[in-house]
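There are 2 protein chains.
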Amino acid sequence: MALLVMKFGGTSVATVDKIRNVAAHVKREADAGNRCAVVVSAMAGQTNQLVQWVKEAGSVDDEREYDAVVSSGEQVTAGLLATVLRSIGVKARSWQGWQVPIRTDEVHGSARIAGIGSDELLAGLESGEVGVIAGFQGISPEGRITTLGRGGSDTSAVAVAAAIKADQCDIYTDVDGIYTTDPRMVPRARRLDKISYEEMLEMASLGAKVLQTRSVQMAMVHGVRLQVRSSFDPPEAVPAFQLGDGTVAGTLVCHEDEKVEQRVVSGIAYAKDEAKVTLVNVADKPGVAAGVFGRLADANINVDMIVQNVSDDGRFTDLTFTVLDSDLEKVLAVLKDAKAEIGYKELNGSTDIAKVSVIGVGMRSHAGVAAQTFAALAEKGINIEAISTSEIKISVLIDAAYAELAVRTLHTLFGLDAN
Amino acid sequence: MALLVMKFGGTSVATVDKIRNVAAHVKREADAGNRCAVVVSAMAGQTNQLVQWVKEAGSVDDEREYDAVVSSGEQVTAGLLATVLRSIGVKARSWQGWQVPIRTDEVHGSARIAGIGSDELLAGLESGEVGVIAGFQGISPEGRITTLGRGGSDTSAVAVAAAIKADQCDIYTDVDGIYTTDPRMVPRARRLDKISYEEMLEMASLGAKVLQTRSVQMAMVHGVRLQVRSSFDPPEAVPAFQLGDGTVAGTLVCHEDEKVEQRVVSGIAYAKDEAKVTLVNVADKPGVAAGVFGRLADANINVDMIVQNVSDDGRFTDLTFTVLDSDLEKVLAVLKDAKAEIGYKELNGSTDIAKVSVIGVGMRSHAGVAAQTFAALAEKGINIEAISTSEIKISVLIDAAYAELAVRTLHTLFGLDAN
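Protein chains in written order, with my numbering: chain A, 1 to 419; chain B, 420 to 838.
I should point out that these hints are in silico values taken from the structure, not numbers from a laboratory. Accuracy of the hints is not assured; some may be wrong.
Okay, the calculated bits of chain A under chain B, using three or more residues with CB under 8 angstroms as the criterion [what the hints assert, rightly or not]:
| # | region |
| --- | --- |
| 1 | 45–57 |
| 2 | 89–103 |
In silico lysine to aspartate or glutamate, EDC-like type, Cα no more than 16 angstroms apart, as pairs [said to hold, decoys possible]:
| # | chain 1 | residue 1 | chain 2 | residue 2 |
| --- | --- | --- | --- | --- |
| 3 | A | 18 | B | 482 |
| 4 | B | 510 | A | 17 |
| 5 | B | 474 | A | 17 |
| 6 | A | 165 | A | 120 |
| 7 | A | 91 | B | 480 |
| 8 | A | 91 | B | 482 |
| 9 | B | 704 | B | 737 |
| 10 | A | 209 | A | 182 |
| 11 | B | 510 | A | 379 |
| 12 | A | 209 | A | 174 |
| 13 | B | 437 | A | 17 |
| 14 | B | 749 | B | 717 |
| 15 | B | 691 | B | 746 |
The beta-carbon is built from N, C-alpha and C at its ideal position, and this holds for glycine as well.
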């Protein structure tokens with residue numbers, strides 16, 4: 001008998017019929033004797049409707065009201081799933097964030113979980129009652145409803161799994177696992193059986209949308225075994241979870257040492273939602289970069305890659321960096337306003353770029369991945385505009401038109417193509 | 420400076436634009452220095468959608484899940500109204516039922532309010548912050564969300580008014596007050612300036628849909644001054660509430676002695692949602708009626724009027740009673756099943772009836788209202804099939820085809836026609 005957390009996202013609970021399908025997955029596990037805590041998102045589309053209403057209602061100067069409105073979507077799904085479960089003979093009840101309670105800080109709209117009071121929840125689970133928890137929600141120290149930010153239900157699921165020391169946390173979604181790259185772009189992409197937390201973190205922050213970064217971090221810190229799997233698998237056709245069985249129904253996110261297959265590179269990620277900003281002819285002297293990035297930080301803008309060209313004459317240089325393309329207009333406005341203080345000749349912004357990343361924990365012990373990457377891209381005539389690296393990834397910024405070519409080239413180069 | 424409860428129903432908050440109109444009403448009162456607790460229903464249509472989803476989800480064997488789902492509509496409106504208020508410069512916050520808390524019993528789906536913890540709410544109001552309270556919701560002793568049943572937001576409003584000892588409770592709705600009868604049926608119906616709790620109670624339970632019966636009872640018990648008024652009045656064109664001012668913007672429901680104009684009859688109500696059931700030739704002996712109505716009570720069916728004809732020969736009689744027409748099928752099924760035990764010759768059901776009622780506290784001191792009523796109806800050739808009376812009302816059951824004629828006749832007879 002295992003303790004299991006199962007999480008279902010918005011597309012998996014988009015209609016009452018889909019909720020029935022979710023219930024069949026839960027019933028399979030409950031019938032096998034597993035204790036199940038189920039975390040649900042809002043029905044797809046509901047959260048957008050709620051956000052739309054709040055926006056119409058006026059400028060949101062108080063995120064507490066935003067949270068009160070937007071959290072109601074998960075409240076509905078939790079009650080509906082509990083009702084469906086009971087109607088098919090599975091003992092179940094719904095839990096709102098404040099009922100568990102899932103205690104958070106007061107940063108409404110993107111609260112962080114501070115702790116979970118899991119005694120009552122656990123008592124219910126141990127009595128054989130499925131606990132259906134509204135994801136995304138928490139309660140602040142002053143007793144107001146908080147939300148964890150978009151995709152927060154993944155975080156709810158992992159936090160609950162950590163709090164009740166679950167044997168596994170299954171994230172059911174509309175894809176059947178983590179792939180070596182986006183299968184819509186590269187048909188020969190392979191599904192990974194296992195991936196390390198670190199690799200998954202890089203994948204998530206570099207464009208793979210399957211798991212929310214914070215949930216992966218939390219799983220890594222607390223050692224939660226996380227499995228990404230499809231909610232569209234026929235519920236009765238897949239086996240129930242069994243402790244120590246080791247069967248993987250999708251992709252298991254786990255510690256590095258649990259991975260059997262040790263490839264150098266695990267996946268190729270890409271992101272097209274960045275924009276490139278170039279300041280031409282800024283003074284090549286201390287404090288200029290600080291002035292630029294200090295202003296952007298004040299405007300709450302995250303900067304990703306930064307490249308400063310070597311200057312020809314030692315007096316002027318070009319400064320290039322990337323931001324989310326949704327921030328581009330704001331960035332240009334901020335820098336235009338500060339033109340006199342910063343001092344530059346030209347300001348250029350472009351959204352026509354892509355970031356392609358090679359990811360793998362194997363890089364730690366294998367030199368030459370960067371060199372191989374650059375050589376392969378050069379051979380295809382792809383110009384690299386910026387580079388950023390970490391211990392387990394190499395990201396390059398290229399012209400958006402070459403994104404697919406680059407991803408396919410690197411996918412083949414590092415032996416990731418399916419047979 | 421007064422303490423005011425303002426309640427807005429579903430049609431008054433049906434869209435964000437309508438919520439803006441509601442906010443303007445609240446702003447008028449807040450700007451005049453009044454402390455405002457505002458109770459809101461769900462956006463019109465939302466509750467039906469939520470109920471529909473629950474029904475699709477399966478047989479509701481656990482009303483706690485029904486309540487968790489259905490209460491979310493009010494949560495949304497409370498957050499939206501607070502947001503709109505803040506955006507127009509009125510300090511405001513939302514309160515969920517469990518946050519106030521509005522403590523109820525455990526009868527989910529139609530819970531009764533047991534008490535309100537109003538300290539924190541009052542502190543907010545006294546600091547000049549408008550409290551926007553989600554109507555319809557409560558919290559059970561075990562910490563689950565409860566709902567007060569359809570129209571429960573009226574009850575929420577009155578309960579809050581009683582708990583904080585509000586100077587007045589204004590029920591804003593889609594009509595501008597209580598009329599002597601339904602103006603859609605009788606164009607010469609007059610709006611009443613004041614009506615007593617007792618009369619309002621009879622009106623509400625006899626077919627006038629403006630206020631929920633329970634809310635009127637509660638207002639009567641706690642002496643809450645209740646005003647029914649229109650949310651579609653231009654918010655800036657009406658004066659703000661002023662203590663001791665006495666201006667009535669709609670109809671004031673108050674103690675009898677506060678009414679100035681003391682007519683014998685205050686209004687004529689009618690209901691077409693009843694059905695008549697007749698058992699022909701039942702034994703005229705003790706225990707038969709008990710057997711019939713005991714079975715209906717077991718099936719949770721409310722019986723309204725009951726008439727037992729005098730039998731010709733002392734052995735058999737006809738038993739006639741009315742139920743809600745939505746219950747008719749169930750009633751017929753129950754009685755068919757019990758035909759052998761009860762013993763009757765024929766069972767007839769008809770929905771083609773109407774109940775017309777004459778209401779007025781003045782009847783207490785004026786004899787002859789019943790006689791006048793019967794004579795007037797007889798003169799128009801209207802046959803009375805059953806009669807039921809109380810201290811302040813006379814109800815007659817007639818053929819549905821004559822409902823309008825009967826209402827108009829009695830409206831004129833008792834001097835209620837507008838000039």
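- So which hints don't hold here, by number, going up? 3, 4, 11, 13
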